[in-house]
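Colleague: The lines below spell out each chain.
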Amino acid sequence: MDSNKLSSLLDKYYAGESSEAEEAQLKEALKQPSVDESLKEHAQLFAFFEAEKDALQLGADFDAQLKHRLKQESKQQGFQWNFYLRIAATVLLAFTVGLLLYKNPKEVSPEDTYQDPQKAYEETKKALMYLSSKINEGTDQIKKIETFAIAQEKIEKQ
Amino acid sequence: MKKLVITALALFVSVATFAQSEAFTKFYNKYADNDQFTQVTVTSKMFSLFTEIEGETPEDKEVLEAISKLKGLKVLAADSIKDGRKYYKEAFAGINGTGFEELMTVRDGKDDMKFMIKENGGKISELLMLVGGDTKFVFISLYGEIDLKQMSKMSKSLNIGGMQYLQNLDESKNKK
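Those protein sequence lines, which keep their order, are chains G and B.
Note that full-length UniProt numbering gives residue 142 to position 142 of the first sequence, counting from 1, and the numbers run on in steps of one.
Note that full-length UniProt numbering gives residue 5 to position 5 of the second sequence, counting from 1, and the numbers run on in steps of one.
Excised from the complex, chain B in its bound form:
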């Protein structure tokens, strides 16, 4: 009986901590069957497995440090889609008014970009990143305990831009 209560409690707690904003999940699930989108889900269980990965390079150390407090990551992305801005607007409309604060909006000529955060007791509990371009759409949800400084530091240690980094990563993977 005691065990049952503990298990039920543990389940309840885990459900509560895993909770991701409904707005994102709704959008994510809507395009679950759409081949144009790439979807990635990484759960806290998977994150806990990362502890076995050795952080060899300084960038790995930074990444693992940032992950250590995360509970989950979901990515919905498409790089050759018609009218990415349409999805951008749709996604933003879904989030608006669900307790997210806009952190930053950037328009760099090509893409529209928005960062939104949800705070819980002075700490950021979820970070949403929304990117919309002519053919591009990216929607990332990060939840758990998020340290923005750590997030920013991560790529600074490399001292190169994001897209460049992605290219480098692909190349380095091929070399291996």
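With the rest of the complex left out, here is chain G:
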């Protein structure tokens, strides 16, 4: 095949107008080592296509590989589900604890000196009684002064 015919076939091929017979002819012609220098790059391209076509064939172990991949993928998805489940569990736990604390104001505060209500009560009672008695001591003194003042007034009036 002369190079003129070949290049016109190539043009047709690239334009997508060539018939199957013509394509086969073209491929065969380009495989020849005697191909024209100007068409060498097209020949290389066609050789590449040919090679790739072979490589794209399904291998004998394709099924096994596919199954293996599918298995791995499902494993991975299972792991992801686990991961979300863990987040959900953590959130749920935090929420529950928060709710319990919120709903249970009777929970003892860490600020408290005593964790035992009975002991805390004794101490509170002690402090309040002390305070109360001191208030009364104070007011008693004031009452004494008041009585004295009233008495003094009475004396002055007489």
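If you are wondering where the hints come from, they were derived from the structure by calculation, not from laboratory data.
Hints may contain errors.
[Stated by the list, open to error] Only pairs whose alpha carbons sit at most 25 angstroms apart, straight line, appear in this in silico SDA-like list of lysine to any residue:
id, chain 1, residue 1, chain 2, residue 2
1, B, K69, G, A94
2, B, K71, B, E101
3, B, K45, G, A94
4, G, K119, B, K45
5, G, K143, G, K154
6, B, K71, B, T51
7, B, K136, G, T113
[Stated by the list, open to error] Derived coverage of chain G by chain B (criterion: at least 3 residues anywhere in the stretch with Cβ under 8 angstroms from a Cβ of chain B; other residues may be distant):
id, segment
8, 115 to 121
9, 131 to 142
Note that the Cβ used here is the ideal one computed from N, Cα and C, for glycine as well.
Got chain G; can you put chain B on it based on the hints?
Modeller: Just chain B, lined up with the frame of chain G:
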């Protein structure tokens, strides 16, 4: 979202109601690590637990009645300290000018004693008691809603003085 807002609001409100005067807290925290002082903190949460305590004796009833409206109690006390009056003066200096009114000052020869109150809408929201002697120092802060009459009534039902009462309490505890 709604829950979050409610929780945030509840938190804010609780912080607002628990608020104790800064002057006291500052002093209280200053001596937090000092072994010479006894510190007692009772929070409103603990007070709410007291409702389960049965008021058997009339004095318990009076005490529980007084506690019912309280939000917290803090005590800072020392009974064998050098120059209690120094602490008394320091504490008073810290409180002075922070919105407290002096209710009563008593000097009975041994100890100096001061009562101060903070009023909020006609009600006493905090009561401070300050005692300073040669070796003695007591600083009590009571906050919440304070009824002075109830406070006074409490120990009158016993008809004995404060220190005597404390001794009796110790004895009665030992008997139990």
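Colleague: So, for every hint listed, does it hold in this structure?
Modeller: Against the structure, the hints:
1. B/K69 x G/A94: violated (33 angstroms)
2. B/K71 x B/E101: Answer holds: B/K71 to B/E101 is near 20 angstroms, not above 25 angstroms.
3. B/K45 x G/A94: holds (22 angstroms)
4. G/K119 x B/K45: holds (14 angstroms)
5. G/K143 x G/K154: holds (16 angstroms)
6. B/K71 x B/T51: holds (14 angstroms)
7. B/K136 x G/T113: OK: B/K136 and G/T113 at ~21 angstroms, within 25 angstroms.
8. 115 to 121: Coverage by chain B holds for the segment 115 to 121 of chain G (4 residues, Cβ < 8 angstroms).
9. 131 to 142: holds (count 11)
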